[in-house]
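Chemist: For what it's worth, our numbering labels the leading residue of the sequence shown as 85, then goes sequentially.
In case anyone wonders, no lab produced these hints; they're calculated from the structure. Honestly, I wouldn't trust all of these hints.
[What the hints assert, rightly or not] Label pairs and their in silico Cβ distance ranges:
(1) F173 / D137: 14 to 24 Å
(2) I201 / V228: 11 to 21 Å
(3) K156 / K135: 33 to 43 Å
(4) R115 / A294: 36 to 46 Å
(5) Q202 / F322: 32 to 42 Å
(6) L110 / I179: 18 to 28 Å
(7) M270 / T189: 22 to 32 Å
[As the list claims (entries may be wrong)] Taking lysine to aspartate or glutamate pairs in the DMTMM-like style, the calculated list, with each CA pair at most 20 Å apart, reads:
(8) K116 / E323
(9) K310 / D174
(10) K224 / D300
(11) K258 / D130
(12) K224 / E269
(13) K250 / E323
(14) K310 / D300
(15) K135 / D174
Remember, it's a predicted structure, so these values are computed and weren't measured experimentally. Every residue gets a Cβ at the ideal spot worked out from N, C-alpha and C, and that includes glycine.
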Amino acid sequence: MKKVFLVIFLLGSVVVTAQRTTPQNLPNFDRKKLHFGFTVGLNTMDFAIQKADDFFNNSVNNNIYAIENQAKLGFQIGPVSSLRLGEYFDLRLLINLSFGQRDLTYWVVQDTTAANIQLTPHTMKIASTFIEFPLLLKYKASRVNNYSPYLIAGINPRIDLAARKKIKEEEMPKIRLTNRDIYYEMGIGIDFYLLYFKLSTELKYSVGMADVLVRDNTEYTSTIKKMNSRIFMISLHFE
């Protein structure tokens, strides 16, 4: 999925460089101090998992053989505002609602006496509903006709509304996540100046700073030393 997004993005860049000189749309757009709009996009969420130092020590861990996590497709939506700081810099503030899921699979040893180890997968569906408040600095190149590439970076505090959700009996055992984290973000994008509004396409990568795993003294958490959240996003901004 990430490769598909990247190919689309690169093809867009090639189209930009191939354009001939054309009349500018919205010629005074960038001179305005403040802009408002909205954003929609897709995301994939997963974890960066660091296993415990004694993960392969059978005297400590004799049930969990391996841990895998799989990203799932989600989406985000929300308002966006941009404050002009100068010719090449903007400050962007968004308030997004983001939905996503990660599937975390533990391979559990069922029979340690057998000649071949018998493994059974136990998959936990970890859903997240984030309220997020990204504050991002945007560096934009000089406008060429009706296009302008840019870089963006900043921080994004997120609150996970699904973290405190009650775990159903049929879902157990299941780990819990902390409900607050601060992410650092970086990305690239292109501004398209259309006839009546500006459309921005953006790729962004986000990594949480905190260990989001809640310890519960079970083998499902004791086998993990640290677990950070990661999110890859493709967004469309309309201003």
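Chemist: Now tell me if each hint is right for this structure.
Modeler: Going through the hints against the structure:
1. F173 / D137: 14 to 24 Å: With Cβ atoms ~44 Å apart, the hint is violated.
2. I201 / V228: 11 to 21 Å: Since the Cβ atoms of I201 and V228 sit about 60 Å apart, the hinted range of 11 to 21 Å is violated.
3. K156 / K135: 33 to 43 Å: 22 Å, violated
4. R115 / A294: 36 to 46 Å: Once the Cβ atoms are compared, 40 Å apart, the range 36 to 46 Å for A294 and R115 holds.
5. Q202 / F322: 32 to 42 Å: 54 Å, violated
6. L110 / I179: 18 to 28 Å: Cβ of L110 to Cβ of I179: about 25 Å, so the range 18 to 28 Å holds.
7. M270 / T189: 22 to 32 Å: 29 Å, holds
8. K116 / E323: 12 Å, holds
9. K310 / D174: 35 Å, violated
10. K224 / D300: 46 Å, violated
11. K258 / D130: 16 Å, holds
12. K224 / E269: 17 Å, holds
13. K250 / E323: Violated, because 39 Å separates the two Cα atoms, which is more than 20 Å.
14. K310 / D300: 14 Å, holds
15. K135 / D174: 40 Å, violated
Consistency note: the structure conflicts with the earlier hints numbered 1, 2, 3, 5, 9, 10, 13 and 15.
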